[in-house]
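Chemist: Chain by chain, the residues:
2 protein chains.
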Amino acid sequence: MIAEIIAAGSEMLTPFRQDTNSLYLTARLNELGVSVAFKTIVGDNLKDLTGAARVALERADIVIFSGGLGPTEDDLTREAVAAALGLTLRRDPQILTAMYKRFAARRMTMPENNSRQADVLEGAEVMQNVNGSAPGQYIDTVVGRHRKIVVLLPGPPNELKPMFEAECRPRLIATLPERHMARRILRMALLPESKVDAQTAPIYKKFKDVDTTILAGSGEIQLHFVCSKPTEAEAQARVDELAETIEQKMGEAVFSSHGESLEEVVLLMLGLRHMTLAAAESCTGGLLAQRLTAVPGSSRYFLGGAVVYADRLKTTFAEVPEELVRTEGPVSEPVARALAEGICRRTGASVGIGITGIAGPGPGAPGPDANKPIGLVYIAISYSGLSGGTSVSELNISGDRERVRLWASQHALELLRRSLIERM
Amino acid sequence: MIAEIIAAGSEMLTPFRQDTNSLYLTARLNELGVSVAFKTIVGDNLKDLTGAARVALERADIVIFSGGLGPTEDDLTREAVAAALGLTLRRDPQILTAMYKRFAARRMTMPENNSRQADVLEGAEVMQNVNGSAPGQYIDTVVGRHRKIVVLLPGPPNELKPMFEAECRPRLIATLPERHMARRILRMALLPESKVDAQTAPIYKKFKDVDTTILAGSGEIQLHFVCSKPTEAEAQARVDELAETIEQKMGEAVFSSHGESLEEVVLLMLGLRHMTLAAAESCTGGLLAQRLTAVPGSSRYFLGGAVVYADRLKTTFAEVPEELVRTEGPVSEPVARALAEGICRRTGASVGIGITGIAGPGPGAPGPDANKPIGLVYIAISYSGLSGGTSVSELNISGDRERVRLWASQHALELLRRSLIERM
Chain A
509 MIAEIIAAGS EMLTPFRQDT NSLYLTARLN ELGVSVAFKT IVGDNLKDLT
559 GAARVALERA DIVIFSGGLG PTEDDLTREA VAAALGLTLR RDPQILTAMY
609 KRFAARRMTM PENNSRQADV LEGAEVMQNV NGSAPGQYID TVVGRHRKIV
659 VLLPGPPNEL KPMFEAECRP RLIATLPERH MARRILRMAL LPESKVDAQT
709 APIYKKFKDV DTTILAGSGE IQLHFVCSKP TEAEAQARVD ELAETIEQKM
759 GEAVFSSHGE SLEEVVLLML GLRHMTLAAA ESCTGGLLAQ RLTAVPGSSR
809 YFLGGAVVYA DRLKTTFAEV PEELVRTEGP VSEPVARALA EGICRRTGAS
859 VGIGITGIAG PGPGAPGPDA NKPIGLVYIA ISYSGLSGGT SVSELNISGD
909 RERVRLWASQ HALELLRRSL IERM
Chain B
509 MIAEIIAAGS EMLTPFRQDT NSLYLTARLN ELGVSVAFKT IVGDNLKDLT
559 GAARVALERA DIVIFSGGLG PTEDDLTREA VAAALGLTLR RDPQILTAMY
609 KRFAARRMTM PENNSRQADV LEGAEVMQNV NGSAPGQYID TVVGRHRKIV
659 VLLPGPPNEL KPMFEAECRP RLIATLPERH MARRILRMAL LPESKVDAQT
709 APIYKKFKDV DTTILAGSGE IQLHFVCSKP TEAEAQARVD ELAETIEQKM
759 GEAVFSSHGE SLEEVVLLML GLRHMTLAAA ESCTGGLLAQ RLTAVPGSSR
809 YFLGGAVVYA DRLKTTFAEV PEELVRTEGP VSEPVARALA EGICRRTGAS
859 VGIGITGIAG PGPGAPGPDA NKPIGLVYIA ISYSGLSGGT SVSELNISGD
909 RERVRLWASQ HALELLRRSL IERM
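Chains as they are written, first to last, in my numbering: chain A, 509 to 932; chain B, 509 to 932.
Calculated from the structure, these hints are not laboratory results. Just to be clear, a hint being listed does not mean it is correct.
One copy or two, it doesn't matter: identical chains are merged, so the pair holds either way.
Using 27 Å as the maximum straight-line C-alpha spacing, the simulated DSS-like pairs for lysine-lysine come out as follows [what the hints assert, rightly or not]: (1) K555 x K656; (2) K703 x K880; (3) K656 x K714; (4) K713 x K656; (5) K656 x K757; (6) K656 x K737; (7) K716 x K669; (8) K714 x K555; (9) K669 x K713.
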């Protein structure tokens with residue numbers, strides 16, 4: 509069984525937008541033993557979309573559309589699939605009622621054009637949308653003499669994903685031959701891809717029945733292992749064996765052996781040690797706090813902290829002596845140290861992190877920082893209490909403002925993880 | 509003239525790799541007045557690739573391939589295009605000689621299969637590859653009774669881009685009628701897509717020579733206008749006329765008339781008023797600060813603030829009375845107000861923002877917040893000084909933790925923007 513994914517939306521034919529749903533859909537389809545042979549991106553144009561649907565029905569067994577189910581006149585996937593399959597559309601009164609209720613609950617009147625979202629293809633099963641107004645559709649039909657499955661999913665990822673999980677996946681499983689796929693993901697921070705590959709390739713190449721993919725980006729390397737076997741146990745045993753062999757080789761560099769994020773791992777380690785964390789961020793401007801607080805339950809171990817962007821706030825919120833900022837410059841080893849120690853004292857956290865650096869694009873402020881290079885970042889980690897102490901790392905991060913900020917937050921998390929391991 | 513871009517490579521049919529060349533190619537083609545109507549991604553498979561080439565030759569005037577020009581058996585673009593166009597391949601002795609020399613210069617012997625890279629389509633012009641061994645090909649031909657331009661480019665971006673610039677672009681310019689494309693982007697926050705469409709469609713539909721696309725996501729709506737005319741001035745005049753008509757209709761809802769982000773607009777408005785901003789964030793955990801500080805130069809107007817995730821820090825950093833948190837609950841109108849006013853006082857900023865809410869997935873903390881719903885968010889904006897004052901908005905944001913946090917930060921920026929307009 510091969511699949512084609514069609515993303516509908518003129519915005520994905522501009523230089524500004526990518527189709528990203530297809531990556532998610534490909535992963536889910538692969539798990540069911542379905543390969544994706546074609547991906548097509550087509551604009552909001554009935555003729556083009558109908559043509560693309562016809563082409564896909566010729567060459568694929570499963571055709572999945574994402575997008576074009578909204579209420580505007582640009583949303584034409586329903587009409588295009590109807591034309592390509594030679595089916596009629598009927599307006600579903602149940603969906604229409606639900607839509608009116610949805611609007612009424614928000615004390616809004618439903619615009620007339622929204623009712624198009626209630627148009628259902630003859631013979632299609634309707635798939636609920638828990639996060640939006642556009643229902644999906646699932647059609648299991650015959651074209652010529654070939655069985656074809658056609659699926660219409662909404663474009664927004666927060667609508668598409670739950671609908672695929674809850675409504676589409678079970679239908680596909682019921683239809684497709686049984687296969688079992690196991691996956692493992694190892695994650696490592698801040699190492700060069702070539703180094704990871706040189707060290708791990710001699711191992712993973714021996715596992716010829718496991719597909720290994722190395723992904724690099726955003727300050728981390730991921731190793732993905734996928735194996736498909738007649739039973740789940742066999743598939744799992746193979747990916748586990750490979751993952752464990754590589755973990756032994758790479759040691760502490762592996763921060764995650766089941767795919768957890770670096771934030772999640774650090775929060776877990778703090779929890780195991782009954783420790784709390786606070787951060788005083790200058791150049792990262794809240795990015796570290798934002799990453800930590802994005803994890804559900806983080807409030808138990810992350811207290812918060814301060815975004816000390818203006819120099820004055822370094823003193824107000826983290827008790828950094830004004831004199832120190834003036835003489836050493838805000839981007840300096842002593843100021844990073846004072847930030848970590850100060851935020852620890854002010855918040856009563858067990859561990860404090862201080863980050864200060866030059867993110868660019870402009871140079872450091874006039875004064876002691878004037879000649880410091882873009883990408884210079886100091887990260888301090890300070891432990892309170894009897895076994896306390898502070899360590900500061902000086903980094904030179906290459907790249908633009910966004911990259912310097914991201915890598916600085918990544919380094920902060922990784923430095924904290926390594927120091928927590930030492931304190932076990 | 510419309511184009512189709514075909515990316516050849518099985519790795520782009522996995523969950524891990526995107527086709528990114530097409531974004532670059534789309535930008536360059538648009539500059540020449542060519543719209544991209546289809547993008548196709550196809551694996552390293554002769555049948556699929558030939559089929560995709562045939563489909564593209566049916567529906568597009570210009571077909572651009574990227575990838576599949578390497579020396580391995582997986583590299584099949586030459587053969588597929590030859591089959592689709594009914595042309596023969598001949599081995600070019602000049603290219604072959606150059607390839608032998610290239611290898612000799614590196615003191616290597618050329619593997620036999622590399623000679624396939626010297627196979628040239630009948631009637632094709634060869635395009636030099638300055639960064640690799642695979643030459644490109646350019647064919648200007650007739651299929652049926654239609655003129656077709658077919659371009660074969662290598663996949664690696666550092667080979668594709670210079671080849672397009674130096675060899676392909678001049679050939680296209682010599683062939684295409686002179687056209688110029690102009691673009692405008694209007695952005696609006698927090699409105700439903702259907703409402704924006706209902707209000708603007710009657711206007712943009714009258715501009716039949718302007719392509720309008722509505723993009724919705726992350727708490728904003730974008731309207732993209734594109735127009736192509738013989739001169740740049742004509743094209744610009746049309747998109748400007750449409751943009752201005754819609755701006756008049758939508759009024760203050762339009763936060764950006766040239767594509768600037770909401771963060772950039774708010775910082776600009778603060779700058780014009782010589783005002784500074786600070787934020788005390790609870791449920792957004794630094795996301796607002798992070799968004800603001802991601803903008804270069806933000807340090808002039810955004811002082812920083814506090815991430816007051818733990819209740820205790822609401823008192824430490826924003827002077828919220830402990831009693832208030834205890835009686836009203838941390839997620840309450842009075843606490844939001846106290847956060848905004850307190851952070852304003854503590855930082856000396858002209859404006860303070862306080863955000864507190866329940867992002868989920870868990871419910872509010874025991875006590876007064878226990879029965880408050882997920883998605884309940886209070887946002888307060890407080891102005892210091894003589895013309896001071898504080899306003900608080902209560903919001904109910906639907907969706908998961910990520911969405912509640914993102915929309916809360918978006919609401920905070922939009923509420924601030926609206927209140928700054930009133931204070932002009």
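Chemist: So, for every hint listed, does it hold in this structure?
Modeler: Hints and how they fare:
In this homomeric assembly, K555 and K656 come within 27 Å of each other (Cα to Cα) both inside a single copy, at 21 Å, and across copies, at 20 Å. Taking the shortest alpha-carbon separations for K703 and K880, neither the intra-copy value of 30 Å nor the inter-copy value of 50 Å comes in at or below 27 Å. Neither within a single protomer nor between protomers do K656 and K714 lie at most 27 Å apart by alpha-carbon distance, with minima of 32 Å and 40 Å respectively. In the homo-oligomer, the alpha carbons of K713 and K656 never lie at most 27 Å apart, since the shortest distance is 31 Å inside one protomer and 37 Å across protomers.
When the C-alpha separation of K656 and K757 is checked against a cutoff of 27 Å, the pair qualifies neither within a copy, at 43 Å, nor between copies, at 46 Å. For the homomeric pair K656 and K737, the shortest alpha-carbon distance inside one copy (22 Å) is at most 27 Å, but the shortest distance between copies (43 Å) is not. With identical chains, the CA atoms of K716 and K669 are never at most 27 Å apart, being 32 Å at best within one copy and 36 Å at best between copies. Proximity of K714 and K555 under a CA criterion of 27 Å is satisfied inter-copy only: 21 Å between copies versus 44 Å inside one chain copy.
Neither within a single protomer nor between protomers do K669 and K713 lie at most 27 Å apart by alpha-carbon distance, with minima of 33 Å and 33 Å respectively.
Of the numbered hints listed earlier, those contradicted by the structure are 2, 3, 4, 5, 7, 9.
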